[in-house]
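Chemist: Chain residues, written in single-letter form:
Protein chains: 2
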Amino acid sequence: MKKYSEMSREELLALKKELDQQFADIKAQGLSLDMSRGKPGMDQLDISMEMMDVLKGDSDLKCETGVDCRNYGVPDGIPEAKRLLGAISEVDPDNIIIFGNSSLNVMFDTVARSMTHGVMGNTPWCKLDKVKFLCPVPGYDRHFKITEFFGIEMINIPMTPEGPDMDMVEKLVSEDAAVKGIWCVPKYSNPQGYTYSEETVKRFAHLKPAAPDFRIYWDNAYSVHHLYDEDQDFLLEILDECAKAGNPDMVYKFTSTSKISFPGSGIAAVAASKANLDDFRKYMQIQTIGHDKLNQLRHVRFFKDLAGVHEHMRKHAALIRPKFQLVDDILTRELDGLGIGEWTKPKGGYFISFESMEGCAKAIVAKAKEAGVVMTGAGATYPYGKDPKDSNIRIAPTYPDLKELEEAAKVFVVCVKLASVEKLLEA
Amino acid sequence: MKKYSEMSREELLALKKELDQQFADIKAQGLSLDMSRGKPGMDQLDISMEMMDVLKGDSDLKCETGVDCRNYGVPDGIPEAKRLLGAISEVDPDNIIIFGNSSLNVMFDTVARSMTHGVMGNTPWCKLDKVKFLCPVPGYDRHFKITEFFGIEMINIPMTPEGPDMDMVEKLVSEDAAVKGIWCVPKYSNPQGYTYSEETVKRFAHLKPAAPDFRIYWDNAYSVHHLYDEDQDFLLEILDECAKAGNPDMVYKFTSTSKISFPGSGIAAVAASKANLDDFRKYMQIQTIGHDKLNQLRHVRFFKDLAGVHEHMRKHAALIRPKFQLVDDILTRELDGLGIGEWTKPKGGYFISFESMEGCAKAIVAKAKEAGVVMTGAGATYPYGKDPKDSNIRIAPTYPDLKELEEAAKVFVVCVKLASVEKLLEA
Numbered sequence: 000m001k002k003y004s005e006m007s008r009e010e011l012l013a014l015k016k017e018l019d020q021q022f023a024d025i026k027a028q029g030l031s032l033d034m035s036r037g038k039p040g041m042d043q044l045d046i047s048m049e050m051m052d053v054l055k056g057d058s059d060l061k062c063e064t065g066v067d068c069r070n071y072g073v074p075d076g077i078p079e080a081k082r083l084l085g086a087i088s089e090v091d092p093d094n095i096i097i098f099g100n101s102s103l104n105v106m107f108d109t110v111a112r113s114m115t116h117g118v119m120g121n122t123p124w125c126k127l128d129k130v131k132f133l134c135p136v137p138g139y140d141r142h143f144k145i146t147e148f149f150g151i152e153m154i155n156i157p158m159t160p161e162g163p164d165m166d167m168v169e170k171l172v173s174e175d176a177a178v179k180g181i182w183c184v185p186k187y188s189n190p191q192g193y194t195y196s197e198e199t200v201k202r203f204a205h206l207k208p209a210a211p212d213f214r215i216y217w218d219n220a221y222s223v224h225h226l227y228d229e230d231q232d233f234l235l236e237i238l239d240e241c242a243k244a245g246n247p248d249m250v251y252k253f254t255s256t257s258k259i260s261f262p263g264s265g266i267a268a269v270a271a272s273k274a275n276l277d278d279f280r281k282y283m284q285i286q287t288i289g290h291d292k293l294n295q296l297r298h299v300r301f302f303k304d305l306a307g308v309h310e311h312m313r314k315h316a317a318l319i320r321p322k323f324q325l326v327d328d329i330l331t332r333e334l335d336g337l338g339i340g341e342w343t344k345p346k347g348g349y350f351i352s353f354e355s356m357e358g359c360a361k362a363i364v365a366k367a368k369e370a371g372v373v374m375t376g377a378g379a380t381y382p383y384g385k386d387p388k389d390s391n392i393r394i395a396p397t398y399p400d401l402k403e404l405e406e407a408a409k410v411f412v413v414c415v416k417l418a419s420v421e422k423l424l425e426a
Numbered sequence: 000m001k002k003y004s005e006m007s008r009e010e011l012l013a014l015k016k017e018l019d020q021q022f023a024d025i026k027a028q029g030l031s032l033d034m035s036r037g038k039p040g041m042d043q044l045d046i047s048m049e050m051m052d053v054l055k056g057d058s059d060l061k062c063e064t065g066v067d068c069r070n071y072g073v074p075d076g077i078p079e080a081k082r083l084l085g086a087i088s089e090v091d092p093d094n095i096i097i098f099g100n101s102s103l104n105v106m107f108d109t110v111a112r113s114m115t116h117g118v119m120g121n122t123p124w125c126k127l128d129k130v131k132f133l134c135p136v137p138g139y140d141r142h143f144k145i146t147e148f149f150g151i152e153m154i155n156i157p158m159t160p161e162g163p164d165m166d167m168v169e170k171l172v173s174e175d176a177a178v179k180g181i182w183c184v185p186k187y188s189n190p191q192g193y194t195y196s197e198e199t200v201k202r203f204a205h206l207k208p209a210a211p212d213f214r215i216y217w218d219n220a221y222s223v224h225h226l227y228d229e230d231q232d233f234l235l236e237i238l239d240e241c242a243k244a245g246n247p248d249m250v251y252k253f254t255s256t257s258k259i260s261f262p263g264s265g266i267a268a269v270a271a272s273k274a275n276l277d278d279f280r281k282y283m284q285i286q287t288i289g290h291d292k293l294n295q296l297r298h299v300r301f302f303k304d305l306a307g308v309h310e311h312m313r314k315h316a317a318l319i320r321p322k323f324q325l326v327d328d329i330l331t332r333e334l335d336g337l338g339i340g341e342w343t344k345p346k347g348g349y350f351i352s353f354e355s356m357e358g359c360a361k362a363i364v365a366k367a368k369e370a371g372v373v374m375t376g377a378g379a380t381y382p383y384g385k386d387p388k389d390s391n392i393r394i395a396p397t398y399p400d401l402k403e404l405e406e407a408a409k410v411f412v413v414c415v416k417l418a419s420v421e422k423l424l425e426a
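Residue numbers (numbering that gives the first Met the number 0), protein chains in the order written: chain A, 0 to 426; chain B, 0 to 426.
Hints were generated in silico from the structure; no laboratory data involved.
Quick caveat, the model's predicted, so the values are computed rather than measured.
It cannot be assumed that every hint is accurate.
Remember, identical chains collapse to one label, so a pair may be satisfied in a single copy or spanning two.
[What the hints assert, rightly or not] Taking lysine-lysine and the DSSO-like style, the derived pairs with C-alpha atoms no more than 30 Å apart in a straight line are:
no.: 1; residue 1: Lys368; residue 2: Lys388
no.: 2; residue 1: Lys55; residue 2: Lys314
no.: 3; residue 1: Lys303; residue 2: Lys61
no.: 4; residue 1: Lys16; residue 2: Lys273
no.: 5; residue 1: Lys361; residue 2: Lys273
no.: 6; residue 1: Lys207; residue 2: Lys1
no.: 7; residue 1: Lys207; residue 2: Lys273
no.: 8; residue 1: Lys368; residue 2: Lys126
no.: 9; residue 1: Lys61; residue 2: Lys402
Isolated chain A (complex conformation) (with noise of 0.2 Å):
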């Protein structure tokens, strides 16, 4: 395989005719496909739909403490979600509330009171002059919404595979008190997949923050989402490591069961100290009289422990594995040593990530939208949507099926050379 920028221009010339061939051809088929959002597939679904049937009109809905989960009350969480989750997060179930259906409804809300009523006593954010935030690139965007939606300054650190740029993490949180807190998906990252390494996680544990209330946001949204059985990546427990390093409120760890029972009717949890969980009791018992139990009770009769949530994921894995290596194949032979383009490899989480050429992300992902293909929109992985190179692209697999899922992955590989190729004539 030639390189394209080794290639001479006429040969440049001679392969957009043949692309531009190709991408007719496509167009004409007139194709729908999405591989924008992180969405289960409905195979994936179904594996879950056993849950429907373990409340029936004549089950027992008293939760282990004896409470009705039908009546109001309980508004930090049934005992047994609590340990679920805390199963699922790693921590104790003393150290877990119990939220609705949404964990970035969860991450939303605590940004919105921190602004109201700061954190643990300390200052209101919306009367601070500047409120910034870390947000490690590419990352997802939704968070960077957040930040985005409360006029929070966000500064981009670049990621690495064992994790965000920790120096200068350490720098900033260190130096600047304006820096309240930092977005991490710390186990199968979005977009990239890569799981921070014991040294970051430990360097986390260990910031000096300048501000008193800095939170970590961890949102560990892929901590049992793993695609092989034999070859999982393993993240260290942050909530454990902060306090050995004498942090222990410095974490909010979220987690949700969105991606392994339901999108939009999974339960939601934070972790954290019981400091930082006595300042979320305060407003929550403004906010709501409780959450969903009939929920929560519905998740843990079905799930029963741990290991039911593994045996679970094994299920989910064997159907998004095939995915994923599939749109790894058609990169790899269609892509490999033509230096356009280079990608991730994830053992676990939602995407791949995608790296074209310097300035090509937009027009790719718009000639794939023009050939009837929706990615994720080109910069959405970057705050304010803006990719400094204009070179990411999230690729999300698990949504539609496999023959579906090849014609993208084919489509969106013309597209990448083509774009290549134009931004190379360009030049």
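Add chain B to chain A, keeping to what the hints say.
Modeler: Chain B only, in chain A's frame:
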């Protein structure tokens, strides 16, 4: 019956001795009863148990537009849920957004968002020197807690059987741009069970607010919660009235199925103008990926339509009507003519409002607690927990069974008598 106020000191002392003995006898029983919160009784929860069976492991879980309710999507509610909650709210489904399990949570979030982002482009309230809410009193404690939490100044508005004192509301709303809202439970109000008259609703619709971002928080929590088939209160539909009066954006109408299906596991909704709902959608799309659509589907398939809801509510009424009657019977038998208390006789809702002699409410609730009967805290029905006359007590008759309720009501009347005698002896 002789009025207590007409008794001589000797008569009062003799009475006190008798009541002290009764109170001692009650305490000796070691009761543990609860008339504090508007919780449905267990028998009421039982009538919704078939809801557990409507979604099964082999059910089609698509909504009527073909969207799979198990997956992400449709953030503002599936069409059939909008239709059902629209019917309950008496508005067009286009004027409905479906939320999660708690309308209180939506009210909290609405105030929170008004604080940080403002209402429909107006200045965020956190940037204003002063924000005020009008609070018809006695009213719902959890409303007042929300505005207190956000540092909003609350102004008491006396309630009448026709609704809030509208002269006062009109004056304050039209003269003071700091008045941004009013809390209303317009039908079978909490705690009196009053329903706003047609004139009151029309005067609300014709308000001329000084503040462009003034909103009526119309918490229609008990819209279908009648006690009687034949003798029901009627409430004029406020959205329509506001539109006719040229104030289409002036009201948020909240509702939920908390006391229709299962408290904590129901679905909530907001009805409002398109402009207001678009304002809601702006933050919703940042706050969450969506609410629990399976629970929406579960509700629609169980209730089917408004007729199904009404049929279901008749079952609730059959269970709680005797409780309201029992309390009223005991209060009438024991207190009528004594001049030491008055109470409401609601035709729906969840509460009876009791007015003791001035300065007695705290003492009555304290005595009841001493005797093993938990009541809503005295003062809770007023902003900041401060009942200026110390006379209002909210009675919640639904949760105890009839036998417990009878015991609790009997304890209550003894406490009322004893506290009243003690008050008169003090004078």
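Chemist: Could you tell me which of the hints above the structure violates, numbers in ascending order?
Modeler: 4, 5, 6, 8
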